[in-house]
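If you're matching them up, the sequences are chains A and B in order.
Just so you know, the working numbering puts 119 at position 119 of the first sequence, and the rest follows in order with no gaps.
Just so you know, the working numbering puts 106 at position 106 of the second sequence, and the rest follows in order with no gaps.
Incorrect hints may have been included.
As the list claims (entries may be wrong) - Listing some non-contacts, in silico: residues in chain B with all C-beta distances to chain A over 10 Å:
(1) Leu48
(2) Ile59
(3) Arg234
(4) Glu253
(5) Ile256
(6) Ile352
(7) Ser480
To be verified - Listed next, the stretches of chain A that the computed footprint assigns to chain B, with coverage defined by at least 3 CB atoms under 8 Å from CB atoms of chain B:
(8) 33 to 42
(9) 58 to 71
I should point out that these hints are in silico values taken from the structure, not numbers from a laboratory.
Just so you know, these numbers come straight off a predicted model, no measurement behind them.
Cβ atoms here follow ideal geometry from the backbone N, Cα and C, with glycine treated the same way.
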Amino acid sequence: MGFINDLAAKFTFRPGRGRKEQNGLLAEELAALAKKIERLAREQYKANILAEQSISMIHEQRAGLREEIRAGAIRELAMGLAGDLLPIIDGILACLDFAGENESLRAGLRSVLDRAEVALARYGITPIEALGGKFNPSLHNAVEVVEVSDLPPEIVLKEITRGYRLGEAVIRYSEVAVSKSQTGTVWPGME
Amino acid sequence: MKEIVGIDLGTTNSVIAYVDMGRPRVIPADGDARIPSVVGVSEEGKLLVGRPARNQYIIRPESTVKSVKRLMGSEQRVIMAGKEYTPSQISAMILGRLRDIAQAHLGDRPQKAVITVPAYFADAARQETREAGELAGLDVVRIINEPTASALAYGLNREDEQRVLVYDLGGGTFDVSIVEIASGVIEVIATSGDNHLGGDDFDQRIVDYVAGEFLKEHGVDLRRDARALARLIRAAEAAKIELSDHPFAAIREEFIAAKDGKPLNLGIEVSRAKFEELIGDLLDRTTRLLDKTLADASMKPSDIDRILLVGGSTRIPAVSEILEARMGKEPSSEVNPDECVALGAAVQAAIIAGEEVDAVLVDVTAFSLGISAIGEVGGMVVPNAYSTIIKRNTVIPTSKAEVYTTVRDNQDEVEIEVYQGENPIASGNAFLGKFMLKGIKPAPAGEPKIIVKFEYDLDGMVQVSAVEKETGKEQRMTISNVRDKVPEKAENTAILAVIDKARSIAGGVEDEEERAALLSLADDIEAALDQDDMDAVAELEAELIDALYEFEEE
């Protein structure tokens, strides 16, 4: 520390300088040192308070970040699973269409489908209701329009691709065929 | 409170971003960074923006408006659900939705925005964009050009004089621009584009090809059945994305159609080479526009310092390849091409707000990764050519694959030697490891297809696998801490950084002798590096680091 060396240099006994004079100088220097130490101590105290607050903030942020990372990791895992499994489920559903009247084949395929959807549900992934219900653009994507005379407009007639949600968020919209009233048909509420 | 946001108001999709503690970030909506630029009115009279509006288009086309950006600046009006709107009113609905997304994310409603427009937008279109923002309750503090925003996202406003080519190939439009950067000012000096060329066209080429092959085989046209077509379109888009990272994509859709009561299955493989053939003429259109833009700017390819790739369709490897071949330099794609323009708008917003802005945070590979293979180097076929599989500056995590073959008839094994670096001769790079793939099915040379795949994760772990396509025979190895295994020459990067720092500190040293001593040490290390005298480099570097430390302590 430079100032200690300076101090030592000042108080090396030099011939010609009286003891009283030297003591006086010493007292002055000590007083100045004490003031300096006080100031440094205050600054250090302030720095400590700031550090404590920062550490507390960091702990809070870390907890929040940990939760964010955890939720993100779960979502990523679920999305990965959905990406791999949904095309397989699509194949099973497509096969069901061709099963015709073969009840045992239909039953078997539905059983496989159920097992796949139970597995997905464990990760928060659930199918979107579509068939027979009202078209909802927040959940369904209309890819075909079918003119019908015996149904109101915008009823889901066919589920072309099943849609799925992860929690409340749509991860795949249902692709559906939707009814359109034949020209001239008026349903209650359409007037 | 985040006051100013940046918005990319696109023809097909729109994105909103902001600067968070110095870092530009996109604000996602329902897990997606982009919302479709589509507006509609539901049967119940409810306003729909984004995906819900797009979902109802086919049922209610008269109540849905797409691609309104194409009408900005024109006198045209649009009719939606029986009412007339100006293009800026429709755009305002999109901006309003983006503002709500931002509010949900940030907690407070943003008050101001920087909005991007194409460089070719005339005054009327720019004014309409500003009006759209105001209708959406935003104070539009700046309208900036999209290529300018891209340059900002790359931090180029901090660079010295540069000429940058921005190649923007999105879902439905293509724009190519040349921007000049000088003294922190970015100016667009030439621009061309095609309003009807983009990724959707590439998807359609795959759809038509696959449907054509299916028709030949089964006599059924999948495009005639809405259900089959929907599945085919989705599969085609997925295949296009797959082909960006892998040389083959399998399209499998079971029970997609029926003939004579019997179900038909779709199973076809599309190779990257086939895909590039299918879209070749579309990419040629982009290069013709590129040439026109250069001519308009009175420039040659060698006048361009940097090329930026913007728009999701630039992920297609053929795009980088043709640009590199034409321009003589590798294009940059480190910033997410779907988000680049919005991130740049956010950077501009932060600059206007007087905030500190860092570069867009991207984790990339520092060096290329590849294998040793027989190939051409400098016009000569060599046995030890370096075949890059993951290029440097690729964003990680990433997975890339390339296909190779045998050189001898009935060759039953191949050795996969893995390297890291940029030398076109494999052994000039850092050797990371090797393994053998044995039991290759006997076949004439050039017939077997061996797919070598690299999977690089965020922790610097690389999985290398080699699979014979026909038999499925596979071998793999894992390389950990790839980032620590730098090529020998690349260690010089750290030493050069120390030299730079010394010179920078010396500039501020008042004492002439001390300054001269620092500079002399820096020069001596450089000379030792040039002579490859690594012992001298080590000794001098230690001395320099000690000297720098003392300066910093003072």
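Going down the list of hints, with the structure as the test:
{"no.": "1", "hint": "Leu48", "result": "violated (6 Å)"}
{"no.": "2", "hint": "Ile59", "result": "violated (5 Å)"}
{"no.": "3", "hint": "Arg234", "result": "violated (7 Å)"}
{"no.": "4", "hint": "Glu253", "result": "violated (7 Å)"}
{"no.": "5", "hint": "Ile256", "result": "violated (7 Å)"}
{"no.": "6", "hint": "Ile352", "result": "holds (28 Å)"}
{"no.": "7", "hint": "Ser480", "result": "holds (21 Å)"}
{"no.": "8", "hint": "33 to 42", "result": "violated (count 0)"}
{"no.": "9", "hint": "58 to 71", "result": "violated (count 0)"}
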